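Assemble the complex: chain A is given as a structure, and chain B must be docked to it using the hints.
This is what each chain is made of:
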Amino acid sequence: MSHFALKVQNMSCGYGSKFHLSNVDFTIDQGSFTSIIGPNGAGKTTLFRAISGMLSIENGDVFLEGENLKTLSHKARARKIAIVNQSVEAGAMRIEDYVLMGRLPYRTPFSFFETKEDYEIAEENMRLTGVWEKRHKLMDQLSGGEQQLAAIARALTQKTNLLLLDEPTAHLDISHQMKVLNLVRRLNHEAKLTVLLIIHDLNLASEYSDQLIMLKEGTIFAQGTPEEVLTYNNIEEVYNTVVITRSNPMSGKPFIFPVSEVTLREDISKKTTQSAI
Amino acid sequence: MAVLLLLLAVTIIAALCIGEVNYSPQEVLQILFGDGNDVRADILRKLRLPRILLGLFVGGSLSLTGAILQGIFRNPLVEPYTLGISGGASVGVTLVIVFSLEMFWGSLTLAFAGFIGALATIILVYFVAMRGNSVRIQTLLLTGVMISFVASSLMMLMMSITDADKLQGVMFWTMGGLNETNTTLITFISLLSLCILLISLFYAPVLNAMRLGLERATQLGVNAERSVKVLFVFSSLLTGICVATAGMIGFVGLIIPQLMRYIVGTDYRILLLSSFLGGGIFLILCDIFARVIVSPNELPIGVVTGIIGGIIFIIVMTKIKK
Numbered sequence: 022m023s024h025f026a027l028k029v030q031n032m033s034c035g036y037g038s039k040f041h042l043s044n045v046d047f048t049i050d051q052g053s054f055t056s057i058i059g060p061n062g063a064g065k066t067t068l069f070r071a072i073s074g075m076l077s078i079e080n081g082d083v084f085l086e087g088e089n090l091k092t093l094s095h096k097a098r099a100r101k102i103a104i105v106n107q108s109v110e111a112g113a114m115r116i117e118d119y120v121l122m123g124r125l126p127y128r129t130p131f132s133f134f135e136t137k138e139d140y141e142i143a144e145e146n147m148r149l150t151g152v153w154e155k156r157h158k159l160m161d162q163l164s165g166g167e168q169q170l171a172a173i174a175r176a177l178t179q180k181t182n183l184l185l186l187d188e189p190t191a192h193l194d195i196s197h198q199m200k201v202l203n204l205v206r207r208l209n210h211e212a213k214l215t216v217l218l219i220i221h222d223l224n225l226a227s228e229y230s231d232q233l234i235m236l237k238e239g240t241i242f243a244q245g246t247p248e249e250v251l252t253y254n255n256i257e258e259v260y261n262t263v264v265i266t267r268s269n270p271m272s273g274k275p276f277i278f279p280v281s282e283v284t285l286r287e288d289i290s291k292k293t294t295q296s297a298i
Numbered sequence: 107m108a109v110l111l112l113l114l115a116v117t118i119i120a121a122l123c124i125g126e127v128n129y130s131p132q133e134v135l136q137i138l139f140g141d142g143n144d145v146r147a148d149i150l151r152k153l154r155l156p157r158i159l160l161g162l163f164v165g166g167s168l169s170l171t172g173a174i175l176q177g178i179f180r181n182p183l184v185e186p187y188t189l190g191i192s193g194g195a196s197v198g199v200t201l202v203i204v205f206s207l208e209m210f211w212g213s214l215t216l217a218f219a220g221f222i223g224a225l226a227t228i229i230l231v232y233f234v235a236m237r238g239n240s241v242r243i244q245t246l247l248l249t250g251v252m253i254s255f256v257a258s259s260l261m262m263l264m265m266s267i268t269d270a271d272k273l274q275g276v277m278f279w280t281m282g283g284l285n286e287t288n289t290t291l292i293t294f295i296s297l298l299s300l301c302i303l304l305i306s307l308f309y310a311p312v313l314n315a316m317r318l319g320l321e322r323a324t325q326l327g328v329n330a331e332r333s334v335k336v337l338f339v340f341s342s343l344l345t346g347i348c349v350a351t352a353g354m355i356g357f358v359g360l361i362i363p364q365l366m367r368y369i370v371g372t373d374y375r376i377l378l379l380s381s382f383l384g385g386g387i388f389l390i391l392c393d394i395f396a397r398v399i400v401s402p403n404e405l406p407i408g409v410v411t412g413i414i415g416g417i418i419f420i421i422v423m424t425k426i427k428k
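Taken in order, these protein sequences are the chains called A and B. The first sequence begins at 22 in this note's numbering and counts up one residue at a time. The second sequence begins at 107 in this note's numbering and counts up one residue at a time.
Extracted from the complex, chain A is given alone in its bound form:
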């Protein structure tokens, strides 16, 4: 039994004949919190789709807890890997029914209704994520933040060791962003859940993750602790953007300050005037 939760070996994949990811190679330790960062179109979501078996892998291999993804059935895979997507799109479905869908990987062909155990697991996770009180409401009556909490409850109900989250905070305000990420971090600490997160906000990535993987144009550009990855040079090269990096006064983690074009121009002209004097 390997202690890797996920091992991606020299993997290439894409849509049609074009590779969107080439020679991606990394491992995720059991119980770690890793964030994948990179500009739009760098291949973050493609990577997720490949890991979760939605996209066929052209070259290389993906191992989930030591087992090759290619040999796993849909159900076996869904018992190892749970995914929270950017948005939920569950429509007019009761929250309870939605969360119970997390039990689908454990269904036998002839089980028509959920078992008592299914209900218990779903209840536990709805209480944990704080959507229990609203379980009889319809999904589309919830706010975006609550929908994501329900999606996490559904993912937890799958009882996997690995949780993939694809920009779960993209459409949320700062309080809901923190609420969702605090919950995920708590699950990571307390339940020893391995977390792999795609996130655009570099500061949140820095604050919450043990490890960062930075993608650029379908390959891994940098990989390591937030301090190692979030440097001025890396960000300048990958995002083509000028930023100031400092550390968060409380956590000591890197903190990125974006600098607007106007500020930058004023700054440069000030410096030139100063040097002229």
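None of these hints come from the bench; they were simulated from the model. Treat the hints with caution; some may be incorrect.
Derived lysine-lysine pairs resembling DSSO-like cross-links, with alpha carbons at most 27 Å apart [stated by the list, open to error]:
| id | chain 1 | residue 1 | chain 2 | residue 2 |
| --- | --- | --- | --- | --- |
| 1 | A | K91 | A | K200 |
| 2 | A | K213 | A | K200 |
| 3 | A | K28 | A | K180 |
| 4 | A | K91 | B | K425 |
| 5 | B | K272 | A | K158 |
| 6 | A | K137 | A | K158 |
| 7 | A | K96 | B | K335 |
Being a predicted model, the structure only gives us computed values, none of them experimental.
Frame of chain A; chain B shown alone:
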């Protein structure tokens, strides 16, 4: 569910009572469960009862197919008729009539031809509308409409080159209706639709997961792609056979599952069964109208479902807006 079953029982008895010759409910029950060999009993047993059973199973099947297809494509406007599947089936049936192919397997040839036509259409529509992993709904519906046009043109073509005798056969079949008296065929349809209803219930949890979309259902460990293929085959089987037996009957597969969705919710474990029962009830009711309104003549049942169905649909839509 109990309400639907009760409603079904009432509808069946009403349908047995009403017609060119009227019966009282007591008399109906007496004839059905007792004996009696006069003409009145014969009309009831040999003419009216098979017709009602056929209505139940054809209506149920069309509605079930509509519910399944709406689930797969995640669109409420999808049904055998709007996807062109009925059209494809009718081309198959017309081919058989025009080229007198029914001599091979007897009455089942029509049903088989309907199935092949429906299956070919459903596969064609699906692949035209598929891009990557998602179905483009506009393309889907447009393709469906186009296929219906092409299908009816093909039928016209075949009808125009055939002789008067066969032309009448095609016309007679197109007008549709439940006046089929071949008991083997009726038994066959009944058993088949019950079987497929049962099989589709096994797929209800899969359809439930597909409410989230194909990819998300797959993320949940459902083999969505394979399930879609299986459901396609069964949907075409049902549509093909219904069209071959009762002609083109539109709207049942569209309205009934919609109506049921508002009443019982979107859980397919309940929705499939209620759609089946609801479709059966609806078609039997439509058949009563078709028989009574211009009595002693009959209206084609497709005309009645079209008019009644359309009106119900508009009423429901405006109520929901409020």
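Keeping to a limit of 27 Å between CA atoms, is the pair of K272(B) and K158(A) held or broken? The given pair, whose Cα atoms are some 58 Å apart, is violated under the 27 Å limit.
Hey, K96(A) versus K335(B), does the alpha-carbon distance stay inside 27 Å? Within the cut-off at roughly 18 Å; holds.
Hinted pair K91(A) and K200(A), Cα distance within 27 Å: Violated, at about 35 Å.
Keeping to a limit of 27 Å between CA atoms, is the pair of K91(A) and K425(B) held or broken? Measuring from Cα to Cα gives roughly 51 Å; hence the hint is violated.
Against the 27 Å threshold, does the CA-CA distance of K137(A) and K158(A) hold or violate the hint? holds, 21 Å
K213(A) paired with K200(A) [C-alpha distance capped at 27 Å]: holds, 19 Å
Pairwise hint evaluation, K180(A) against K28(A), where the allowed Cα distance is 27 Å at most: holds, 20 Å
In terms of the numbered hints stated before, the structure departs from hints 1, 4 and 5, listed from lowest to highest.
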